[in-house]
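Asks: Taken in sequence, the protein lines are chains X and A. Residue numbers are given in the working numbering: position 62 of the first sequence equals residue 62, and the series is strictly consecutive. Residue numbers are given in the working numbering: position 182 of the second sequence equals residue 182, and the series is strictly consecutive.
Simulated from the structure, these hints should not be mistaken for laboratory data. Think of the CB as a built atom: it goes at the ideal place given N, C-alpha and C, for glycine as much as any other residue. Take the hints with a grain of salt, since some may be wrong.
[What the hints assert, rightly or not] The calculated DSSO-like cross-link candidates involving lysine-lysine, where the alpha carbons are at most 30 Å apart (straight line), are:
hint : chain 1 : residue 1 : chain 2 : residue 2
1    : A       : K248      : X       : K72
2    : X       : K258      : A       : K117
3    : X       : K258      : A       : K79
4    : X       : K3        : A       : K126
5    : X       : K3        : X       : K72
[What the hints assert, rightly or not] So the derived list for chain A, only partly shown, Cβ under 8 Å to chain X, looks like this:
hint : residue
6    : P37
7    : P49
8    : I110
9    : V113
10   : N116
11   : Y120
12   : V138
13   : L147
14   : P150
15   : V255
[What the hints assert, rightly or not] Computed list of chain X residues with no C-beta within reach of chain A, every gap over 10 Å:
hint : residue
16   : T7
17   : L87
18   : I190
19   : Q206
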Amino acid sequence: MRKLTITVVMAIGGIIFLLPFFWMISASFKPEEDVLAFPIQWIPETWNAIDNYSQVWFGEGTFLLYYWNSFKVTMFTTLTSVTVSSLAAYAFAKVNFKGRDLLFIIVLATYMIPPQSLLVTQFLLFKWFGLIDTHLGLVLLNSFSVFGTFMLRQFFLGVSNEIIESAKIDGAGHFRTFFHIGLPLVRPAIATYAILRFIWTWNDYQYPFIFLRSENLYTLQLGIYQFADAHGSIYSLMMAASVSAIIPLLIIFVIGQKQVIDGIQLGGVKG
Amino acid sequence: MNNLKSKKKAHAKRIRKKRSSFNGWKDTVAGYLFIAPMFIGTSILVIFPIIASFFLSFTDWNFVTGINGFNFIGLANFKELFNDANFLKSLTNNIILLLAIPIGLFISLILAVVINKHVYFKDFFKVIYFMPFISSVVAIAIVFQVLFHPTLGPINQLLMSLGVENPPGWIADVDFALPSVMLILIWTNIGFQLIIYLAGLQNIPKELYEAAEMDGATAWYQFREITVPLVSPTTFLLLVTGLISSFKVFDLIIVLTNGGPAYSTSIPVVYLYEQAFVELRTGYASTIALVVLAVVLLITWLQIVVQKKWVNY
Chain X
1 MRKLTITVVM
11 AIGGIIFLLP
21 FFWMISASFK
31 PEEDVLAFPI
41 QWIPETWNAI
51 DNYSQVWFGE
61 GTFLLYYWNS
71 FKVTMFTTLT
81 SVTVSSLAAY
91 AFAKVNFKGR
101 DLLFIIVLAT
111 YMIPPQSLLV
121 TQFLLFKWFG
131 LIDTHLGLVL
141 LNSFSVFGTF
151 MLRQFFLGVS
161 NEIIESAKID
171 GAGHFRTFFH
181 IGLPLVRPAI
191 ATYAILRFIW
201 TWNDYQYPFI
211 FLRSENLYTL
221 QLGIYQFADA
231 HGSIYSLMMA
241 ASVSAIIPLL
251 IIFVIGQKQV
261 IDGIQLGGVK
271 G
Chain A
1 MNNLKSKKKA
11 HAKRIRKKRS
21 SFNGWKDTVA
31 GYLFIAPMFI
41 GTSILVIFPI
51 IASFFLSFTD
61 WNFVTGINGF
71 NFIGLANFKE
81 LFNDANFLKS
91 LTNNIILLLA
101 IPIGLFISLI
111 LAVVINKHVY
121 FKDFFKVIYF
131 MPFISSVVAI
141 AIVFQVLFHP
151 TLGPINQLLM
161 SLGVENPPGW
171 IADVDFALPS
181 VMLILIWTNI
191 GFQLIIYLAG
201 LQNIPKELYE
211 AAEMDGATAW
221 YQFREITVPL
231 VSPTTFLLLV
241 TGLISSFKVF
251 DLIIVLTNGG
261 PAYSTSIPVV
271 YLYEQAFVEL
281 RTGYASTIAL
291 VVLAVVLLIT
301 WLQIVVQKKW
311 VNY
């Protein structure tokens with residue numbers, strides 16, 4: 001009985017916690033004049049959802065293009081980041097080579113550095129390489145994750161040495177052992193990291209904000225900011241744009257909920 | 001029989017040893033190849049930029065003039081920085097902002113304890129509190145811009161209908177802008193901290209609570225004397241990572257307030273952005289980057305020193 005009461009109280013707390021989201025969704029369905037009406041109409045009295053969303057998606061803005069850009073950058077980043085991190089993680093966990101522990105500490109130490117303090121010199125570097133205002137630049141910026149390497153290493157450490165050894169005795173080199181034995185065994189961890197990297201890259205604002213110039217290259221996060229700025233007083237459209245930006249994340253989170261939570265708990269850190 | 005087995009084992013061990021020393025150089029080559037992409041990427045994008053910032057911080061260079069206009073000006077940037085009222089304001093703001101972390105941790109721990117033991121549908125609650133953490137920062141900032149609107153926003157309309165004569169102007173008000181940012185920050189981080197705490201709570205032996213209960217200890221006493229000390233390693237982890245992630249507020253602040261009004265929500269990384277990409281002072285911005293880095297390392301080091309006094313391993 002006590003447990004039931006607490007559950008009910010917590011549920012009410014949860015609803016209050018999520019009120020900003022409910023407000024956002026509800027406002028995106030309303031005609032503009034009802035958005036700020038008081039008391040708040042949580043369920044719209046007049047519906048204007050189709051109009052709002054079609055204006056956001058197919059109106060004069062280039063929302064579809066922003067979506068496509070985000071999708072492209074996020075997919076490529078996730079792919080390279082998973083590859084780079086899993087290779088390094090395997091070596092740090094399962095290959096005995098000189099200087100391994102020292103190199104691992106160096107990589108891990110870079111995690112303590114706030115990425116914002118690197119922006120200026122990264123910008124200069126990318127200017128020399130001609131990577132400013134390119135999607136390739138964005139992909140590179142998010143591809144070398146200490147978090148991913150650390151998390152996947154934890155999983156590779158759990159793979160028994162006997163399996164690796166026996167593959168070696170059978171004459172397999174490290175690359176074959178990695179591809180045919182290591183990777184399949186840590187597949188759930190790879191999925192977990194891929195989902196997290198997808199969410200973080202999709203949400204990234206800072207790198208596109210500083211490294212992109214051309215509007216036709218903008219990712220969704222820059223796009224909605226741009227959109228909100230241009231429609232600064234049309235709140236229903238701003239909310240429809242915000243909901244649109246969050247929906248892919250919710251879908252991925254609902255599908256991979258367990259993976260996301262396990263991954264966060266295992267890595268214990270974000271980045 | 002036993003003897004034979006151990007002999008066989010020793011033999012196998014010897015072979016393995018031989019093989020592995022034969023494979024030593026192969027292992028080393030493979031190891032370097034495997035970590036090469038990660039290590040080269042990190043060197044180019046992290047280690048090199050730090051070294052370069054170090055040099056740039058002693059110059060008055062700006063990247064628009066190109067290689068020429070390079071002037072070595074010694075410590076002038078550092079002197080200017082520590083007399084720069086806007087920078088000092090930003091630094092103070094960041095330190096105040098850090099208070100959001102322990103406050104958030106306290107709320108998260110209590111929620112974690114309740115969700116862990118006292119509710120049905122545990123997974124459902126995890127998902128609810130996790131939502132803000134995975135949502136787009138830009139979308140969240142846009143929503144709060146409207147919610148916090150001084151005259152039209154739902155929050156102030158509610159306050160006024162409740163009889164509050166002069167509700168605060170939230171993000172438009174110099175005194176309330178930073179607390180508003182902190183509020184949003186706590187809200188978005190609860191999910192993350194809660195999940196980590198839930199993992200930490202799993203490691204506390206149940207017998208401790210059972211024993212305490214038999215001794216008639218109250219729930220509050222159990223929380224204070226068992227839960228809090230035993231999750232202290234988790235708390236420590238969250239404090240250290242929370243410090244680093246507090247710089248991630250950059251996104252939120254840029255969209256929400258752009259550091260204003262009157263620098264009341266500016267933090268060093270926002271000021272760094274402004275100096276580097278708006279004022280185009282590359283040298284000065286590099287100095288800010290170095291100072292930020294030094295402050296982070298200092299606070300992390302302090303935390304590691306102080307943790308011995310309160311973290312139980």
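Asks: Hint by hint, say whether it matches the structure.
Replies: Verification of the supplied hints:
For the hint pairing K248 of chain A with K72 of chain X, the CA-to-CA distance comes to about 24 Å; that is within 30 Å, so the pair holds. Taking the CA atoms of K258 of chain X and K117 of chain A, the gap is about 19 Å. The hint holds against a cut of 30 Å. A distance of roughly 51 Å separates the Cα atoms of K258 of chain X and K79 of chain A; the hinted pair therefore is violated under the 30 Å criterion. For the suggested pair K3 of chain X and K126 of chain A, the alpha carbons sit about 17 Å apart, so the restraint of at most 30 Å is met.
Between the alpha carbons of K3 of chain X and K72 of chain X the distance comes to roughly 47 Å, so the proposed pair goes past 30 Å and is violated. At its closest, the beta carbon of P37 of chain A sits 5 Å from a beta carbon of chain X; the interface hint therefore holds under the 8 Å criterion. Interface hint status for P49 of chain A: upheld, as the beta-carbon distance to the closest one in chain X is roughly 4 Å, under 8 Å. This hint is violated: I110 of chain A has a C-beta 11 Å from the nearest C-beta of chain X, more than the 8 Å allowed.
For the restraint placing V113 of chain A at the interface with chain X, the shortest Cβ-Cβ distance is roughly 11 Å, beyond the 8 Å limit, so the hint is violated. Residue-level restraint check for N116 of chain A is violated (minimum Cβ-Cβ distance to chain X is 12 Å; threshold 8 Å). At its closest, the beta carbon of Y120 of chain A sits 5 Å from a beta carbon of chain X; the interface hint therefore holds under the 8 Å criterion. Because the beta carbon of V138 of chain A sits about 5 Å from the nearest beta carbon in chain X, less than 8 Å, this interface hint is met.
For L147 of chain A, the interface hint holds, the least distance from its beta-carbon to any beta-carbon of chain X being 6 Å, beneath 8 Å. Hint status for P150 of chain A relative to chain X: violated, with the closest Cβ pair at about 12 Å, above 8 Å. A cut of 8 Å between beta carbons decides the hint on V255 of chain A: the least distance to chain X is about 6 Å, and the hint holds. Distance to chain A contradicts T7 of chain X as a non-interface residue, since its nearest Cβ pair spans about 4 Å, not more than 10 Å.
Not every CB of chain A is more than 10 Å from the CB of L87 of chain X (nearest about 5 Å), against its label as outside the interface. I190 of chain X, annotated as away from the interface, keeps every beta carbon of chain A farther than 10 Å; the closest lies near 15 Å. Against chain A, the non-interface label of Q206 of chain X is violated: not every CB pair exceeds 10 Å, the least being about 6 Å.
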